[in-house]
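**Student:** Take a look at the letters that make up each chain.
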Amino acid sequence: MAVGVLLTGTIVFAALGVAACVIFPFCTAYETENITKGESIQLTIVCISVATVCLWGFWISMYMHQMNPMILPERAVH
Amino acid sequence: MKHGTLVLPSERARHFIDLLGRKANVQFVDMNERTMRRQYKRYIQRLEEMERILRFLHEEIARHEFNVTKGSVEAFLESDTETYQLDQVEDSLKRLYEQFSRFKENNSDLLTEKNNAIEEKYVAMAALASLHEGGVMGGVGTMPTRRQTEHATQSLLQAHIEAPHLVDDTMAFSNIAGVINQADQERFARTLFRVTRGNTFTHFQMINDKIYDAKTGKEVAKSVFVVYYQGAESSAMYEKLTKVCNAFGVSMYPWPASYNDAVSRIEDLTTTIEDKAKALDAFEQYILGEIRDLLEVPGGPPPEGADLEELRSSRIEEWRLFCQKEKSIYATLNMFEGDITLRANCWYPSAEEDMIRHLLLSQSNKQQVSAFLLSDKERTTKTPPTYIRRTEFSYAFQELVDTYGIPRYQEANPGLFTIITFPFLFGVMYGDIGHGACVLLFGMYLLIFADSLKRGDGPLKGMVAARYMIALMGFFATYAGFIYNDFLSIGFVLAPSHFKEPPGVHHGGGEHGGGEEGGGASQTQFVEWQIDPSSKPTPFGLDWAWKGAQNELLFLNSYKMKFAVLVGVAQMGLGVVLKAFNTIHFAKPLDFFFEFVPQIIFLVALFGYMDFMIVFKWMTPGPLQADLDPSVKAVNKPGLINTMINMCLAPMKGSAIDPSEQLFGGQETIQNILLILCAISIPVMLFPKPIGLLIWHKMHPPRTVHHDDGDDEERGEGEHHDDDEEDEHEHFNFSEEFIHQVIETIEYVLGTISNTASYLRLWALSLAHQQLALVFFEKAILGFIESDANVVLRAVELFFGFAVFAAITFGVLLCMDVLECFLHALRLQWVEFQNKFYKGDGYKFAPFNHKAILSTGEGDL
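One line per chain: the protein sequences are U and V, in this order.
Going by UniProt numbering, the first residue of the first sequence is number 1, and it counts up by one from there.
Going by UniProt numbering, the first residue of the second sequence is number 1, and it counts up by one from there.
Incorrect hints may appear among the rest.
[Stated by the list, open to error] Subject to a maximum C-alpha distance of 30 Å in a straight line, what follows is the list of computed DSBU-like cross-link-like pairs (lysine-lysine):
# : chain 1 : residue 1 : chain 2 : residue 2
1 : V       : Lys-454   : U       : Lys-37
2 : V       : Lys-461   : U       : Lys-37
3 : V       : Lys-23    : V       : Lys-844
4 : V       : Lys-243   : V       : Lys-218
[As the list claims (entries may be wrong)] Stretch by stretch, here's where chain V covers chain U in the computed footprint (C-beta under 8 Å, at least three residues):
# : segment
5 : 34 to 45
6 : 55 to 66
7 : 69 to 75
Quick caveat, the hints were computed from the structure, so don't treat them as lab data.
Glycine is no exception: its CB is placed at the ideal position from the N, C-alpha and C atoms.
Chain U with its partners taken away, still in its complex shape (with noise of 0.2 Å):
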């Protein structure tokens, strides 16, 4: 069940990553006098990539730790 969840949004992040992947560089990849054109769009991949791994982990690792909670949250009473 919860395992479940895990898979589905590690699709999720890896299908949005590789959107991004491929819609970024239509916007974000310019041929300068500093970078071709081809660089830009690997530089633009490689940072997307990196960064969907970044976000994916964060999420991830709070996910799981929720998962088996071993304390339950004492609310004050109103």
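Go by the hints and put chain V onto chain U.
**Tutor:** Relative to the frame of chain U, chain V by itself:
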């Protein structure tokens, strides 16, 4: 990067350098460093003189309050195709300088003459007032009509002036007259009174016309003075008065003898003043014309809506750019050696080699001379400069890396990963939706208005270069805020909670959970919520039930610490892997097998295992889950730090693990294997590399004669020739190499442990940020909302409370905390990440490029 020699014909050398500065990136090596022979010194002196004249002209222009149009350097370079010639520009500058100096001189002469005329005119006018038609001393009523045009007070003054004459007109009175600065007036009168013991009468009259000082050009207020005294023209009194006058530096003018004399004098002087004023005007006009000519933008005003890049500058600005460019060209030529043909070694990017050759060839054909680039046949022995191309996007990140150290030539550049990992680490620490969004919005603002901010002189100008970094930092901080479910310390209900309030506890009734200490002191009671079996864990971010819970920090700290370790091990692992790429690139198998391999084994066996345990503990159900679902078997959840310590102490204490502390079956065996791997990897890091190097140097004996001191490794005295390195590094010193390796090993082993601990700053700073935000919110806002006071009073309190909240949030969290998180992220990036692979001992490729030179020297004048 390639090394070569550039050969240029000396008579056309300037053209080639100019061309290379425009189109290519070549770094020249100074050939005359030792001899200090500078062939083009004379040109540089000439150019410096021209720059001096330009500065003078700039001052003149500023004095006339004109603005110089500053266009783009690109437009100047594009238009400057033989438009300006050194001799021509020099001639026109010298001509202008002469004209301006002559104008200044003339102007000052004319102005002095004009001032004198004005002053004398006023003296004459004052005289006119005291004499009246026919030369007879007259009363108040018979003032000449001319005087009535003067200002009203004059008639009153008149009475005083004429008083002595009326009282005693049998006595002989003389007078002297002149003009004095109004500031000195009082002092002058007092001095005269003292010197003459009160036997003179001094009268002052203001001059209404504007008088400008000829030297400073500033307006000065002056007065006419007339001193009446008893006695003849050349009496002792006269002597005394002239002395005083000279001491005050006043200008004295003859006092007209008669009324008619005064009238004719005034007429004469008026025409003189007009003449001088006309002459001054004409000069002024001429100079203004010259200045306008200087300020004119060549090629006419730019078309409406023209691109900033195409905007050209005023002629004088173009001249300045031209001088600067020429100076840099001759400074470069000074690095060349040779007489008829100039030669200089240079570095250039391999990718540009063909382009440079092509440029030189086409220019050679045009100029009917030959210039060429000789690339070195053999590999050069010198370390090439590191050339990392930057874009607007990567600029700020590369700057961060370069501040630590310029990458060694062809070393893996950490800048690429820094682009994402640096803002990510910042975000983990800064995590807050509200604050992160502010940073993000600021970044967006910089991105959108980058062009106009770059042009202006605002305080944000310096931030523009870092705009992508700031936007990314804001983005990651906002994302982290969603993960922590933290908006200015308040949580959102992003998804239904996994927990529910236990039934039957309402408003103080029923059981309380672990919160006795909170419930004891105040009326607040805490109750432990239950897992809602019908719900799932929140799919994204922190469950809102934890926000405001008494044990929120307990839960969140545990998460943040574990996440910090995960991030740390991942980033350090990446660093070690990059080292592997470096060793492969530089073809150093020894480094790969005896540094990279044991290092990664050590890291993975120790902290990779810790990561595994963290994830394992997260993924397995605990007692709470077992209570809920009988089919699930609870797993022990021992403290990870204890487990790690016991694992390392296993050789002393024995590896047996208490069943209640056991995480999974076969844990002892696995831990022992990992520990043995760690233990093995340390000597593997330490010994094989220096020994391998020693053997390698033995097998490749030096070509030159050398003395061999025997092969005892222990003695470590073997000196061997290293024909691969350059001359300075030809001796292989085993003991040095060995000591170096010992240091490296110790640094790595201890570093792995301490660096992992260092990543816990991710947790610490994020905790500090969250707690600060919470305190500000509680003290400045929440207290007023929850107070029992009158609604109106609360509203007023809240109004001011919010102002305090906003101000303190801005000052502490949006300014100070951003800086703090920035610095800590920088440290993690520099020390924990980069020390795994980054040597950073390269030097920067500094090509000769007009655009770079002209752009940095913008504020020179």
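**Student:** Evaluate each hint against the coordinates.
**Tutor:** Results of checking the hints against the structure:
no.	hint	in the structure
1	V:Lys-454 x U:Lys-37	holds, 25 Å
2	V:Lys-461 x U:Lys-37	holds, 28 Å
3	V:Lys-23 x V:Lys-844	holds, 19 Å
4	V:Lys-243 x V:Lys-218	holds, 28 Å
5	34 to 45	holds (count 4)
6	55 to 66	holds (count 10)
7	69 to 75	holds (count 7)
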